[in-house]
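Residue strings, one per chain:
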Amino acid sequence: MSDAEGTEPAAEAKVPLSNKERMTITRVAMPEQAGAVRAHNFEEVNLGLTYQLAVLEAERCIQCPKPFCVEGCPVRVDIPRFLKFLRDGDLPSAAESLLSDNALPCVTGRVCPQETQCEQVCIRNKKGDSVAIGYLERFVADWAQKNPDALPKASPTQSGKKVGIVGSGPAGLTAAGELVKKGHDVTVFEAFHAPGGVLIYGIPEFRLPKDIVQAEVDRLVSEGVKLELDAIVGRTYTIPELREDFDALFLAVGAGLPVFMNVPGENFKGVYSANEYLTRVNLMGAWNPDSNTPILHGQKVVVVGGGNVAMDSVRTARRLGAEEATIAYRRSADELPARKEEVHHAKDEGVRFEFLAAPLEVLADENRWVTGLKCIRMELGEPDASGRRRPKAIPGSEFVIDCDLVVVAIGTKANPLLTGSAPELTVNEWGYLITDEYGMSSLPGVFAGGDIVRGAATVILAMGDGKRSAAAIDSWLNGTWPPPPEANAAKPLKEAAVAGN
Amino acid sequence: MHSVLEREQLSPNVVRLVVEAPRIAKVRRPGQFVIVRRGPGGERIPLTIADNDPVAGTITLMIQAIGASTTELTNLQVGDTIQDVAGPLGSETHLPPAGTHAVCVGGGVGTAVLLPIVRALGAKGVKVTSVIGGRSKDWVILEKELLEAGDVVTCTDDGSYGRHGFVTQALKDLLDAGGVDNVYAIGPVPMMRAVSEMTKPYGVETTVSLNAIMVDGTGMCGGCRVTIGGETKYACVDGPEFDAHQVNFQELADRLTTYRMFETAALERKKAEDAAGACATTEVKA
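Going down the list, the protein sequences come from chains A and B.
Start counting at 1 in the first sequence, then tack on 4, and there's your number in my numbering.
Start counting at 1 in the second sequence, then tack on 75, and there's your number in my numbering.
The reader is advised that the hints may include incorrect statements.
Partial list, computed: chain B residues near chain A (C-beta under 10 Å) [as the list claims (entries may be wrong)]: (1) Val93; (2) Ile110; (3) Ala161; (4) Leu164; (5) Tyr309; (6) Glu326; (7) Asp329.
It should be emphasised that the hints constitute simulated quantities derived from the structure, not laboratory data.
Remember, predicted model here, so these are calculated numbers, not experimental data.
C-beta atoms are modelled at their ideal positions from N, C-alpha and C, and glycine is treated no differently.
Let the hints inform the model, and build the full structure from the sequences given.
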């Protein structure tokens with residue numbers, strides 16, 4: 005990786021550019037591995053900006069007095085502030101500024117859908133290209149991760165209050181980072197043997213390297229966050245027990261229950277949920293041929309779904325050697341919920357798209373190994389509740405996609421393991437936790453956020469919940485309840501519900 | 076880290092380990108299991124908790140060496156450690172009322188999974204008759220422990236010990252004699268299937284414990300899906316115990332073969348490594 009390489013920050017003062025000059029600079033392109041090469045390895049696709057490229061890109065920001073980009077960011081990163089430090093070559097201040105707003109910037113700099121958030125509302129997007137905020141976030145965050153000694157060490161006054169966080173995904177880790185900064189004693193419980201939640205088991209190495217996630221976790225641990233792995237709340241511990249041990253709880257267990265297609269043949273050998281496929285490859289290391297974890301290497305793989313999880317799965321299939329890797333999606337290209345960049349990367353890597361195709365049946369040979377996916381052609385009708393045109397089956401249009409592996413990536417649901425163990429927790433008809441305007445569940449002092457509240461959404465929305473809940477928890481613990489208005493928890497986002505991470 | 080405090084070789088390929096796991100020892104219920112991972116790069120292996128000692132903070136695991144990872148676990152010695160022990164997972168055994176009669180049938184390492192159920196039944200006041208079997212005398216395990224909770228009928232395929240023949244024949248005799256209210260059967264899929272088919276005409280409620288392939292054990296991956304009464308269920312959270320008469324055994328047996336070629340290759344690799352005196356653990360970036 006070439007992140008943060010290049011000349012060290014220049015010491016001499018620069019003559020500031022005029023806004024007119026800034027407007028003439030064109031948007032940087034992210035250096036990336038060539039499609040044909042990266043389709044066969046698990047190394048990161050995006051290589052990161054050099055110092056010179058990053059500073060030049062930061063010069064493109066015209067430092068709006070009322071920056072829309074900050075409003076567009078679910079965790080409200082003060083974007084102009086860290087970009088100004090960056091363009092002045094003051095990386096320690098840029099890093100400190102970014103980290104004070106965002107507990108996991110190395111992660112968000114890689115997986116956030118910036119094109120629908122900060123970059124979409126960037127003033128420069130009106131006439132030309134937005135500032136590449138995501139690339140710059142990644143640049144500064146990676147520099148911070150490699151230069152921990154350049155950052156000031158915070159030593160907050162200890163509050164003597166204990167907070168238990170259930171789940172070490174993006175919501176849980178963000179809340180942990182915020183609460184430890186406030187001087188609370190924070191313990192994070194994780195069901196798996198490694199921390200990170202979807203960042204570890206779900207998002208593949210080539211999009212988010214696992215040592216980057218581990219380094220973010222290590223930084224939180226060095227700040228005082230305690231981690232308890234292999235702890236399944238709902239089984240190893242119950243909510244009532246944890247309520248006795250902690251002054252407040254934050255439940256951020258995600259939406260860890262796969263949705264299957266509910267079609268005949270779904271239990272044949274060679275049908276995976278995306279959760280299982282990605283967990284075997286990522287968390288369990290099956291991407292490495294020397295791993296003890298078995299994985300079926302399909303030659304012809306069909307991934308059902310059109311979100312980020314579907315893109316992660318199909319691109320993983322290519323890297324595991326699939327000659328033909330196909331996305332089967334029941335709507336058209338325009339409705340794909342995945343990030344634009346992921347779709348673009350998938351296409352570059354030779355992924356085939358079968359649009360307007362809905363699965364009807366999994367076909368198999370006499371030994372019950374998958375041989376194909378029978379689909380029916382769809383057409384788009386009137387817009388549905390999500391505003392997207394509803395797909396309708398065209399009678400008699402059945403067809404078969406030959407394949408030896410099917411990965412189902414059509415979403416996830418609430419896992420009842422935790423909520424089922426505490427009947428006092430109120431859930432909605434889909435099993436998601438119901439919270440009030442401050443993110444508090446039906447149990448006093450028990451807060452919740454991320455996918456277990458909103459349904460399957462994105463990393464950054466979960467992080468936004470973590471940050472807001474942390475502020476609310478801090479108010480709760482300090483007796484300054486109710487919290488200030490900015491601590492209000494977000495309402496579930498309908499449009500994000502199908503996108504996955 | 077979880078230390079191995081005791082080790083006992085029960086049969087040529089089954090080992091009993093007492094492992095430090097205070098939290099699990101405190102809350103575990105009969106029928107539940109743990110997921111064990113030896114160390115970095117290791118597989119996550121579901122193992123039934125055979126016993127727990129909340130005071131000592133230990134759980135007892137019985138492990139049959141089948142593949143590379145289970146062989147690695149059975150090779151552990153006292154003082155060795157296991158990195159991850161997660162649980163307790165699964166639902167607890169549903170116990171019938173006191174005064175009823177349960178026949179508990181165990182095959183191979185299934186007898187180890189049966190033991191906690193037999194103990195729980197005995198403790199509740201259910202009359203228990205255990206029927207266990209093995210290829211020969213050396214392969215019969217846990218007879219003494221089962222005797223503490225009730226009667227035991229031991230069968231060997233070759234007649235070298237106890238009754239000559241299969242456990243199903245002994246079960247049939249008990250069913251014919253009458254007075255059996257419940258049957259629990261745990262062992263290889265063909266054996267559980269045979270028991271299920273045998274008890275069905277007698278109308279005796281029968282429970283089996285399904286050893287489906289698992290990853291997380293919390294319902295997250297859906298890899299352990301089994302068909303029960305025509306509906307898809309997850310063995311890890313809905314089970315592992317199910318009504319035998321509703322189980323699609325054909326599908327279970329078939330899904331268990333998914334990784335057979337990988338398992339064979341991994342075992343061969345491990346044997347070659349062991350023979351070469353190499354470290355048995357392959358470190359991978361996980």
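Structure-based check of all given hints:
no.	hint	in the structure
1	Val93	violated (18 Å)
2	Ile110	holds (8 Å)
3	Ala161	holds (4 Å)
4	Leu164	holds (6 Å)
5	Tyr309	holds (9 Å)
6	Glu326	holds (6 Å)
7	Asp329	holds (5 Å)
The earlier numbered hint that this structure contradicts is number 1, and it is the only one.
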